[in-house]
Each structure stands twice: as C-alpha cells, then as structure tokens.
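K.L.:
Protein chains in written order, with the working numbering: chain B, 347 to 804; chain Z, 450 to 869.
Derived from the structure by calculation, the hints contain no laboratory data. From the three backbone atoms N, C-alpha and C, an ideal C-beta is built for every residue, glycine too. The reader is advised that the hints may include incorrect statements.
[Claimed, not checked] Pairs of lysine to any residue residues, derived as SDA-like cross-links and limited to a Cα-Cα distance of at most 20 Å, are as follows: (1) Z:K591 with B:R710; (2) Z:K614 with B:S568; (3) B:K677 with Z:K584; (4) Z:K591 with B:E741; (5) Z:K584 with B:R710; (6) B:K373 with Z:K584.
[As the list claims (entries may be wrong)] Label pairs and their calculated CB-CB ranges: (7) Z:M596 with B:L765: 22 to 32 Å; (8) Z:A739 with B:R706: 50 to 60 Å; (9) B:T779 with Z:S623: 51 to 61 Å; (10) Z:S647 with B:G799: 32 to 42 Å; (11) B:K681 with Z:I740: 19 to 29 Å; (12) B:R706 with Z:S623: 28 to 38 Å; (13) Z:E486 with B:K681: 35 to 45 Å; (14) B:P742 with Z:A739: 34 to 44 Å; (15) Z:S623 with B:G621: 43 to 53 Å.
Chain by chain, the residues run as shown.
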Amino acid sequence: MAYDLIVIGGGPAGYVGAIRAAQLGKKVACVEKERAGGICLNWGCIPTKSLLRNAELYHLMSHRAADFGFSFDNLRFDWGKVIKRSRTVSDKLAGGVEFLFRKNKIDYVLGEASVTKAGSVFVKKRDGKEETLEAPKILVATGVLTRAMPGFPFNGKTVIGSREAMILDPQPKSLVVIGAGAIGVEFAYFYNAFGTKVTLVEMMPNILPVEDTEVSVALEKSLGKQGIRILTKTTVSKGETTPGGVKIFVEGEKAETIEADVCLVAIGVSPQLPGGMQLKVDPRGFISTNDNYETSVPGVYAAGDIIGPPWLAHVAMWEAIQAVEGMFEGKQPRKVSFFPGCTYCQPQVASVGLTERAAREQGRKFKIGKFPFQANGKALAVGESDGFVKILVSEPDGEILGAHIIGAEATELIAELSLAMTVEATYEEIEATIHAHPTLSEAVHEATGAAFGAAIHI
Amino acid sequence: MPEIKMPKLSDTMTEGTVVAWKKKKGETVAAGDVIAEIETDKATMEFESSDDGVLSEIFVQEGGKVAVGERIALVLGKGEKAEGEKAQAPSAPAEKPAETTGKEEKKTSPAAPPAGESAKAAEPPPAPPAGGRLKASPLAKKIAASMGIDLSGISGSGPGSRIIKKDVLAAAESQPPGAPARTAAAPAAGGQQRIPMSAMRKVIAERLLASKTQIPHFYLNIEVDAGQLMKLRADINAAGEKAGQAKLTVNDFILKAAVVAAARTPKVNASFDKDAVIEYSSINLAVAVAIDDGLITPVIRDAQNKSLRQISEAVKDLAARARTKKLKPEEYQGGTLTVSNLGNYGIDNFFAIINPPQSVILSVGAIVKKPVVNAKNEIVPGQRLAIGMSCDHRVVDGAIGAQYLAELRSLLENPALMLI
C-alpha cells in the first residue's frame, strides 16, 4: 500500500503529525505498537492528572476541611476506584484518538514498525500478519522509555517506573522516590496525600532543578509541610531489594539507609528507536535531525521525545506539526526555543522562558516583578493563597524573558505568558490588558507592574 | 511546482473563478504561457504558468470557484518525468512523455509527487502585501524605535511574515559600518536623532515615490538666451516703479511663458488615466514653493486667461500664504502643470520629479553669464537660462515635449510676444 506519509508511533508527536498531514490532503498511515495516544495519554500526562485530582481533593478534605467548615467522622477512600478512574479517563481519550484517525481517514496499523529503507516501513502486525508500507516520507515518533538506575533494575513490583506507579495496588505504606523532576515530585505528592510515607531524593541542590530556584525552595517548604521528607544534594549509592521491599543507600549531608515498600525511579528517559535502519543519533542516543526535522536518511523525519529534550507532550505535538507542514506546505519549520513546563502537585508549578539564574548567566539586564497570591483577592476567597508569580522583564526593551508561577492553577495561568513571549509582547502590553477581577490572573498583571513599581495591591 | 494553486491576484481576493482554461489537459505549457483566465473580486485576469511542463490534470472546471491556495491544476515538469522514468521504467521509450509521466504519477502518488514537493519547498515565502499593515511584534517595534531602524525595509520571519526581534537585530547588524561613524559627530548622547515625519513629509514621500516608480519619466533640456528677457524686465520694472507697481521677477516671465507655451501645445496639459488621456482645457499652473519642513505647490487657476502681472500678483500672494500655511485646499490642488525654480539657490540645471497626476514639470535654473557663439560665429558674453523638462512618456512623447520647449524658447527669447 502506498501512502504520502507513514508515521511510526501514535503518541502526541505521531498522532498529531498524522492528523495534520491528513488535513493537508495527504494519505497517511500511523503504526502504533500498543495503543493510540502514546505514553502521554495512556501512561503519563493524562492518567496522572486524574490521580492528582483525587489526591488534591483528599488532601483538602483530610487536612483543610475545618478551614471551610466541614467535618467528617469517617472519611475514607477506595484505592481501587482512585486508580480505576484514571484508567477510565485514559481509555476514553485513547478511543478519542482512534476516532480522530477514522475521521481523518488515517490508516491506523497496530504493530511494530521498522524502517527497512528510505520510503519503506515493514510492520509486524499484532494479528501476526506482516505488511510493507510505502511512502516517500516517514515520520519517526517512537518516543522514550523510563530509564532504570544502573545496578538497580526494574522488577515491576518494588523497583518501578512511572508506569507501574500509577497502578500500584495495594497502596504502599512507604515509598522512596529517586529523582525530583516533575514526575518524581508529582508521585511524591500523590502518595503522600493518600498517607504513604514518602522520601524524595534529589541529587541537585533543589527539587524541580530546572525551575527557578526561588520556586523550588518555596515548593520544598510546602511539600515538606505536607509531610514529604525531601533529601536534596543526595545521591543514591546503592539500591537493594529485600523480602519486605527495598533498601536505598543514600549519601547527602550524611549517609543513611532508607527502607521502604517500593522505590520509584524517576531519573529520566532513554530513547526508544525504531527497528530497521540505523538513523544517526546524538551522544545520548536520541535521533539527530536537521532544521527540517529530517534524519540522516533523506525522507525519514523524526519529532517528539525521540529527538531529545525537552520531553514534553506539548513540545512533541508542536514539533510534529512543524515537521509535517515543512514536508507538505513548503514552510520552513521552526525548532523549539522556549516552552511552558508544568508540574501538577499542589501548589502547582509552571514556568516559561529563562529562570533568574539563566538570565544572570547570560548577562541579561532585567528587572524582576513578583506578586504573592496572598495579596490576590480571588486566591484568598478560594483559600489558595500559597505561592507567587515572578516575571523577568528585560531592560530597556521590556521583553518578557521568563515567568515562574507557583500556586493554585499555575499551570493554567502560564498560558498568558507563553502567548506574550510567542508574540513578543512586552510588559507594557500585559500592563495594558484588562485582567478580570477577581481572578488569579490578576497576579500576573500585578507582577508585571511590580517590575516597574506599578503594582497596586502590594 | 507541479500543483497550480488559485493565485491571490489582488490584496482582497479570497476566492477566484476559473473563467476559461487556455490550455487543454495533456498540452505542453511553457513558463509565461497563459493557462487560464481567473476572475477575481475586481477583474478577470490572465494567469500564467510559472513552469515548463505538461498540464496533466485540471481539478477545477470552467466556471468553478475555489478559495485562494486551493489547487486548480497539475503541471508536471521535466525533472518530474525523468525521475518517474528512472524509478519506474528505466528503458521505457520516451515517445509519449506526457502520457507516460501522467500514468507513472498516478501509480506512485496521485495528489503530491515527491519531486514536486522539494521544488515547492525551495520557493521563497510570499512577499507581504504592498501597502498592507506592517506586521511587527511589539518588542520588535520597541527595539527598532530605540535603534532608529526603519521597519518597512525589513522582511519578517515570524508567524505570517511578522517582523520579530531577531529580524530587527539582524537588520541592525547588516547596517553599513560607516553609519555609526557618521553619527558619532552628532551632539546627542545617543549618537543619532530620530525625527518623526510630519504629515506633509509623509505625503511628499508617498507621492514622489509613487511618481518616480510608476511614471516612466524622460527628460529634455534647453538653454535659452535670457538677454532680451533681462532687458525687457529691467525696462518694465523701471517704468512700473514710477507708477508705484511691484517689480516683476524673472520667474514671473518664465511662468507666463510656460502657460502660453502650454496653450499652444495642449498635449502637455494632460493626465494619464488608465485607458485614456485627459486633456485639460484650463491651464492650472502649479508653482513649487519651499516652506519650513517641505514644499507645496499652490495653483494659479485658469492661468491661460491671466496677464503677466496677474500671474505675478497671484504667485506672490499664494507663496506668502503658503509660507504661513494659510492656503486653502483648493489653492494647492488641481494643478495641471508645475514649474519649479531653483535659480535663486544657484542651481544651474536639474530635473524635477513629476507631480502626479500631471504629465510634465519644468525645472528652472539660474541665469548664468557665459560665453556664447552668436549668429556671426563670434564669442560674446551671453546670459543663459537652463530649463529642464520631465515628461510622463505615457502621455507626452519626445516630439511633443520638444515642440513645447521650442515654444517656450521662442517666448523667452522674444519676451515681448508674451505681452501681446
């Protein structure tokens, strides 16, 4: 069967790239080895957001009910249903992607694909049949796998990755999380909220090390208050499995051994290359692409997690659209420069652009505008006054260099600043925009004002 | 480019109708061949192929209307054919290249042949619409303003060809290295001064750019003997002084001569108007007057009916009020012929830019004393006046211009004729 484009992988880069090409009138096949939607939709972004919503509600009811005038005599949760809800959400969305494939007349092929030569993809289908698909263009969007810790392999029960962590049953009494990036922090928050004793271990000086230090420090305080034990500047020297669980040997301020039922390893990802031809890869094993997202083999393109960091679904989708429009529309594709990053614990963390440290390292001249949610009417009214908005504004042009939000709905609030940076709005355009009252978004307005001494409510 | 798309033939066009196909399916086309007639919101226009090849598919039948950017036909180029043959049928005879190519294309990929895609990718992005809104990010505008960079000369690389910060910085870098040195002498701390354009300067910029780029200018010049003119002027002024009359200037005589010559050569007193030439019965004489931040051309209406002295008085009054910006719009609009005189500034000769919709402009220099060879082949001191004439060739041909200048010379060299 001949196509215009064959996409390998049905995750955010793959399915979005396939649909965009179909919208452009191209005949497209998408080969997926497991289920449409990829890690994001099945084992990542989406089901974890479902779990975290449960955690947030439970934490609110178990710890803050009295603030709102509620009391419970017998507050309980059903762990199995907590997990089942997240699976139902994934099932529904995966069905949605398959519907979009049908709607766009994309041939959805379940099986394992390998690029046998330029223009040719061999598929070992799930039903046992074999098929060779042909197209002048191939988009590799095979994504990544959770990376194991050297010398401490996953066993699916007590040493696990994020995939197992979202269906762990029964709930562990104690958990060690190695790695305090977004995934580690989210699971630490989730399990802690439901009463698991959680220790979060991070090698770097702060949790969420890619975020602005001020935000990381504020989150450490908040999560610490919620009961998570946080060990930063701490490395894991050894991990052992024991009959009862795991033993983790760490070295930080002092060396100690942590015993727990389960250890979640969240130290990063490794590339999941397609079979067949060897495509040129970077030193870390991710596929190298040129400005047009084309790999070392002409006609074979790659986008999403497989071409390296940032490993984010929204970046993957954007890259796939850039790549496909480059292939079929004659547009010069763009490569990612700045992008929003979000962590969905409570308080939430969201950011876009440069951190204060990065801006200083680059020698940028800038002012900082900061506004605490404590001074925001809506935040007080809904009882979510933790956190702040911090915006870096260049001098003298007023360019938004970066924005950092910690607090309720931070992950929604960041969109305004992503748009501002994308259209190169300066702080003046944000200042000139009427922000509805009372909303949390007023804190963004006030933070830009604060950079130039114009914040009203502080 | 194998896919021919509905072209955007006007700024406001969003869809177009294929009125007629000028080539049939399977016919060979060459770049520049008219392949179809397309009706836009404004007009029906001929649409040319930009490539050589064979019109292998027609997607929109005659009378069909599609949006701009929709494909309407497929033209397969030579490269296409060669590749198709190489890949699919290396030994196929090339007797019927058109058909073979067409079939091969269908087999491999009916909608989008691969070689065509790469050719398309190499095309430059569409230029931003002329006269449209300048698309630039707020940050780009701010940086450009602070660096004194004109955004209109920059092409944008942002979404929708928007000018973004990167483009402004690139433009700043590509400025000639001499620029900072030149401005270093300026007293301002910033090294350069940005002077916003007044409304008048904007109009001057716009109109003269349009004139110089849209009107096919050509230039004629003559040098006339101004001896008689100087003498007559001295006589008249001497007589007038006793009568308490204002002095006549040299320019007054030239203006009168320009009007009389135009009355005798009416073809120069005309305008180009798309499919016609408008010849005016009145000579509305425009006179360029320098004012504070630009220039203006007040108009002496029906100048053909005015005497030398009436013209002199009119021009004196208009120029004075022009300098104090007290002219009414009807006093500087509707000119049919312009005279610009830089003689007072010591300019020997020059050629002015036509003031549209007029067709000619006279450029008058200074009266200069120089040796001339007279009719007896003697070298004698002469008083010479150089006059340049810029003409719109769409209206005024060289012979007409020459005829006009001959009339003008005759009048200026025998100025008494003007008084009759």
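K.L.:
Each hint needs a verdict: does it hold in this structure or not?
P.N.:
Hints and how they fare:
Our distance criterion of 20 Å between C-alpha atoms is met by K591 (chain Z) and R710 (chain B), whose separation comes to about 17 Å. Among the hinted pairs, K614 (chain Z) with S568 (chain B) is inconsistent with the structure: their alpha-carbon atoms are about 39 Å apart, more than 20 Å. Pair hint K677 (chain B) plus K584 (chain Z) holds up; C-alpha atoms about 18 Å apart against a cutoff of 20 Å. Distance restraint check for K591 (chain Z) and E741 (chain B): the Cα-Cα separation of roughly 12 Å lies within the 20 Å cut-off, and the hinted pair is therefore satisfied.
Of the pairs offered as hints, the one joining K584 (chain Z) and R710 (chain B) is violated, with about 27 Å between alpha carbons and a cut-off of 20 Å exceeded. Taking the CA atoms of K373 (chain B) and K584 (chain Z), the gap is about 35 Å. The hint is violated against a cut of 20 Å. One distance hint, 22 to 32 Å for the beta-carbon pair M596 (chain Z) and L765 (chain B), holds here, with the actual separation near 26 Å. Here the CB-CB span from A739 (chain Z) to R706 (chain B) is close to 56 Å, well matched to the stated 50 to 60 Å.
One distance hint, 51 to 61 Å for the beta-carbon pair T779 (chain B) and S623 (chain Z), is violated here, with the actual separation near 34 Å. As the Cβ distance of S647 (chain Z) to G799 (chain B) is approximately 36 Å, the hint placing it in 32 to 42 Å holds. Checked against the given bound of 19 to 29 Å, the beta carbons of K681 (chain B) and I740 (chain Z), roughly 54 Å apart, lie outside it. The hinted range of 28 to 38 Å is satisfied by R706 (chain B) and S623 (chain Z), whose Cβ atoms lie roughly 30 Å apart.
Checking the proposed 35 to 45 Å range against E486 (chain Z) and K681 (chain B) shows it holds: the Cβ atoms sit about 43 Å from each other. At about 39 Å, the CB distance of P742 (chain B) to A739 (chain Z) agrees with the hint of 34 to 44 Å. Hint check: S623 (chain Z) to G621 (chain B), Cβ distance near 48 Å, so the stated range 43 to 53 Å holds.
Checked against the numbered hints given earlier, the structure breaks hints 2, 5, 6, 9 and 11 and satisfies all the rest.
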